[in-house]
Amino acid sequence: MDTALSLKNVDKFYGPIGHGVHAVRNVSMDVKKGEIVALLGSSGCGKTSTLRMIAGFEEVSAGSISIAEQEIHRRPPAKRNVAMAFEGYSLYPPLTVRENIAFALKSAKLEPSVVAAKVTEIARMLEIEDILDRYPSSISGGQQQRTSLGRALIRDAALHLLDEPMGQLEPQLRALLRGRIKHFIKERGLTAILVTHDQTEANALSDRIAVMEDGILQQFDTPEIIKDRPENLFTGTFVGEPPMNVFNASVRDQDGRVHLDFGSGLSLDYPHDAFSGSVRDSIVDRGNIVVGIRPYAVHRTKDQGVDAKVIVNQWLGDQSHIAAEFAGATLVLVEHDRADVRPGDAIKVDLNPENLHIFDPDSGDAIAHGAELVS
Amino acid sequence: MEHTSTLEKVLRASALTAVVIFFMFPIFWIILMSFQTNETILRVPPSMIFEPTLSNYRGIITGQLETNAATLEINFMRNLWNSVFLSVSSVAVALALGVPAAYAFARHKFRGSEDIAFTLLSFRFAPPLLVLLPLTLYFQQIGLADTYFGLVWVYQLICLPLILWIVRGYFEDISPDIEYAYRIAGHSWFATFRKIALPLAGPGIAAAGLLAFIFAWNNFIFALVLASADKQPVTVGALAFITASGIQYGQIAAGIVLSVAPTLALALYAQRYLVEGLSLGAVKG
Numbered sequence: 003m004d005t006a007l008s009l010k011n012v013d014k015f016y017g018p019i020g021h022g023v024h025a026v027r028n029v030s031m032d033v034k035k036g037e038i039v040a041l042l043g044s045s046g047c048g049k050t051s052t053l054r055m056i057a058g059f060e061e062v063s064a065g066s067i068s069i070a071e072q073e074i075h076r077r078p079p080a081k082r083n084v085a086m087a088f089e090g091y092s093l094y095p096p097l098t099v100r101e102n103i104a105f106a107l108k109s110a111k112l113e114p115s116v117v118a119a120k121v122t123e124i125a126r127m128l129e130i131e132d133i134l135d136r137y138p139s140s141i142s143g144g145q146q147q148r149t150s151l152g153r154a155l156i157r158d159a160a161l162h163l164l165d166e167p168m169g170q171l172e173p174q175l176r177a178l179l180r181g182r183i184k185h186f187i188k189e190r191g192l193t194a195i196l197v198t199h200d201q202t203e204a205n206a207l208s209d210r211i212a213v214m215e216d217g218i219l220q221q222f223d224t225p226e227i228i229k230d231r232p233e234n235l236f237t238g239t240f241v242g243e244p245p246m247n248v249f250n251a252s253v254r255d256q257d258g259r260v261h262l263d264f265g266s267g268l269s270l271d272y273p274h275d276a277f278s279g280s281v282r283d284s285i286v287d288r289g290n291i292v293v294g295i296r297p298y299a300v301h302r303t304k305d306q307g308v309d310a311k312v313i314v315n316q317w318l319g320d321q322s323h324i325a326a327e328f329a330g331a332t333l334v335l336v337e338h339d340r341a342d343v344r345p346g347d348a349i350k351v352d353l354n355p356e357n358l359h360i361f362d363p364d365s366g367d368a369i370a371h372g373a374e375l376v377s
Numbered sequence: 087m088e089h090t091s092t093l094e095k096v097l098r099a100s101a102l103t104a105v106v107i108f109f110m111f112p113i114f115w116i117i118l119m120s121f122q123t124n125e126t127i128l129r130v131p132p133s134m135i136f137e138p139t140l141s142n143y144r145g146i147i148t149g150q151l152e153t154n155a156a157t158l159e160i161n162f163m164r165n166l167w168n169s170v171f172l173s174v175s176s177v178a179v180a181l182a183l184g185v186p187a188a189y190a191f192a193r194h195k196f197r198g199s200e201d202i203a204f205t206l207l208s209f210r211f212a213p214p215l216l217v218l219l220p221l222t223l224y225f226q227q228i229g230l231a232d233t234y235f236g237l238v239w240v241y242q243l244i245c246l247p248l249i250l251w252i253v254r255g256y257f258e259d260i261s262p263d264i265e266y267a268y269r270i271a272g273h274s275w276f277a278t279f280r281k282i283a284l285p286l287a288g289p290g291i292a293a294a295g296l297l298a299f300i301f302a303w304n305n306f307i308f309a310l311v312l313a314s315a316d317k318q319p320v321t322v323g324a325l326a327f328i329t330a331s332g333i334q335y336g337q338i339a340a341g342i343v344l345s346v347a348p349t350l351a352l353a354l355y356a357q358r359y360l361v362e363g364l365s366l367g368a369v370k371g
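So the sequence lines, in the order shown, correspond to chains S and L.
The first sequence: position 151 = 153 (the working numbering), numbered continuously.
The second sequence: position 203 = 289 (the working numbering), numbered continuously.
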């Protein structure tokens, strides 16, 4: 396997090791050549620290980082052969947009005509052709961000690091550029790591997503697997919009049926064979579980199912988000048509066992997705 | 443009005129005095009509101070040269030491960095005389008293903290990511300092250098105590105009004009640069 980037047990402390802020905890991951990987997480989860350690702006407190199978975490940034687009753009103020982008190629010692052609190509892709001769101080934040992206992408580096590459762009342009940038990276076989807190961006751009929280790599997998088989409660609730509904439940195996008691008298019961034997044994043994279900998988029913009371019904133009009171908590469901319910209406919902994600209430680790036990 | 009434324009113009006259009149009067003899200066009532004479300048430049009683030897041109030499070397040394130090203080937080920076600043608010007395004794013992080297060294008490603290602020205003962007493109730490940090902090370094130059030029007490006649700057040298036979106002005025000219020229020249540099908005990325 051709590994472009490899992190082994990387730790980052700000301040003294062992006492300071533990920003990145024992993170290990391998990125294949030609892959686009998104580091996804909320603010302060350690994703940017990880990126800056790869670039060489932060020291690695413990562990090692290799690029193209060579350990680089002790080398200065100049010797790592990485390109980076900064969140704060960091353009050189005395240079024009054109010069800023071309500047990245200076050390490559190319013919001026080659440089000019590359700059024009990148500028056309990023829709900044018309501002090439302006100075950073006279262009908008979105334009500066695209310039900064261009400066990173134009380079022929072993690894491209993109820190929140599209945060400042307007939605339409963002959607357009996502496609173009992905195509650009794939066409040239570049390897890119992007940091983002926007899961739409992570899903659209990347081959694999590394979900981080609290300095820990929670899950590193394709967007589909992260959505369908979240490894723990954090990933389950963090990824997905609107977020997954979660409820505490206790499990009883009685009269040949599996009962999930949600408290306040609410209970769902399923036939024995709704769960595979191993899942059933596992959850009945535990007694208490956390049940999660995606809003898209909750369906309203006419007669069977359990009671819920509508709190809000919002029509978003292409789908309805209904929030309902359920088992003393809030259950969100999504419907693709305009739903004819009002706040206060009583509805019945059905939670199909195939769509349930079951987590351990103490560790948060996933126990089962649908009928499948997590090995 | 917002609309301004005629009355407002008139009021504004007269206010400006009053301010300009208030600040410029002493300078104007000194220039007038420098072309007059002591007799025309001291007549009552004073008048702006006189026969201009270059005798004051002649006397200063040739070193012959003609008083009513006798002709005195003075060495004002030597003093002027000393001022230039001391101020320029002090600022040069302070820039060479202070700018890298300011960069280090701005970019790297190391153990005790704040304490060191503050100690350097504290030189500015210690009364000079407090330092001078022990310093004189030490300098006499180690043979630094009355040397240019020793004076430039002591002048660092004036220049270094100024440059360090002003330039540090400018470095701190530059986003570190701009430097990172340059370093990641394959450049060393030192190339980044030279090619990115220094030019971006350029206006600040110029301002600090100019300020330090003016402070060094105007210094009186250090040179008075530590230097003998042949190494004294104009500030101390001007004392020679107070002679036994009276105060030579005309020559003092000429001396002032000559000693103010270099700083004024430098300030006017550098100001153009400062305004240019700052109005480019160079620092904000």
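Keep in mind the hints are simulated off the structure, nothing from the lab.
Worth double-checking, as some hints may not be accurate.
As the list claims (entries may be wrong) - Keeping only pairs whose Cα atoms sit at most 27 angstroms apart, straight-line, the calculated DSSO-like set for lysine-lysine is: (1) S/Lys111 / S/Lys35; (2) S/Lys10 / S/Lys111; (3) S/Lys188 / S/Lys108; (4) S/Lys34 / S/Lys10; (5) L/Lys195 / S/Lys108; (6) L/Lys317 / S/Lys81; (7) L/Lys95 / S/Lys81; (8) L/Lys195 / L/Lys281; (9) S/Lys35 / S/Lys108; (10) L/Lys281 / S/Lys111; (11) S/Lys311 / S/Lys350; (12) S/Lys10 / S/Lys188.
What the hints assert, rightly or not - Beyond 10 angstroms from chain L on every Cβ pair, some chain S residues (computed): (13) Phe59; (14) Met86; (15) Glu89; (16) Ser278; (17) Lys304; (18) Asp367.
Claimed, not checked - Residues on chain S that point at chain L, a partial pick, calculated with CB under 7 angstroms: (19) Ala57; (20) Pro79; (21) Phe88; (22) Gly90; (23) Ser92; (24) Ala206.
Cβ atoms here follow ideal geometry from the backbone N, Cα and C, with glycine treated the same way.
Quick rundown of the hints versus the structure:
no. : hint                : result
1   : S/Lys111 / S/Lys35  : holds (25 angstroms)
2   : S/Lys10 / S/Lys111  : violated (34 angstroms)
3   : S/Lys188 / S/Lys108 : holds (24 angstroms)
4   : S/Lys34 / S/Lys10   : holds (15 angstroms)
5   : L/Lys195 / S/Lys108 : violated (31 angstroms)
6   : L/Lys317 / S/Lys81  : violated (52 angstroms)
7   : L/Lys95 / S/Lys81   : violated (62 angstroms)
8   : L/Lys195 / L/Lys281 : holds (22 angstroms)
9   : S/Lys35 / S/Lys108  : holds (25 angstroms)
10  : L/Lys281 / S/Lys111 : holds (18 angstroms)
11  : S/Lys311 / S/Lys350 : holds (8 angstroms)
12  : S/Lys10 / S/Lys188  : holds (26 angstroms)
13  : Phe59               : violated (5 angstroms)
14  : Met86               : violated (5 angstroms)
15  : Glu89               : violated (8 angstroms)
16  : Ser278              : holds (51 angstroms)
17  : Lys304              : holds (59 angstroms)
18  : Asp367              : holds (38 angstroms)
19  : Ala57               : holds (6 angstroms)
20  : Pro79               : holds (5 angstroms)
21  : Phe88               : holds (5 angstroms)
22  : Gly90               : holds (5 angstroms)
23  : Ser92               : holds (4 angstroms)
24  : Ala206              : violated (26 angstroms)
When the structure is compared with the earlier hints, violations turn up for hints 2, 5, 6, 7, 13, 14, 15, 24 and for no others.
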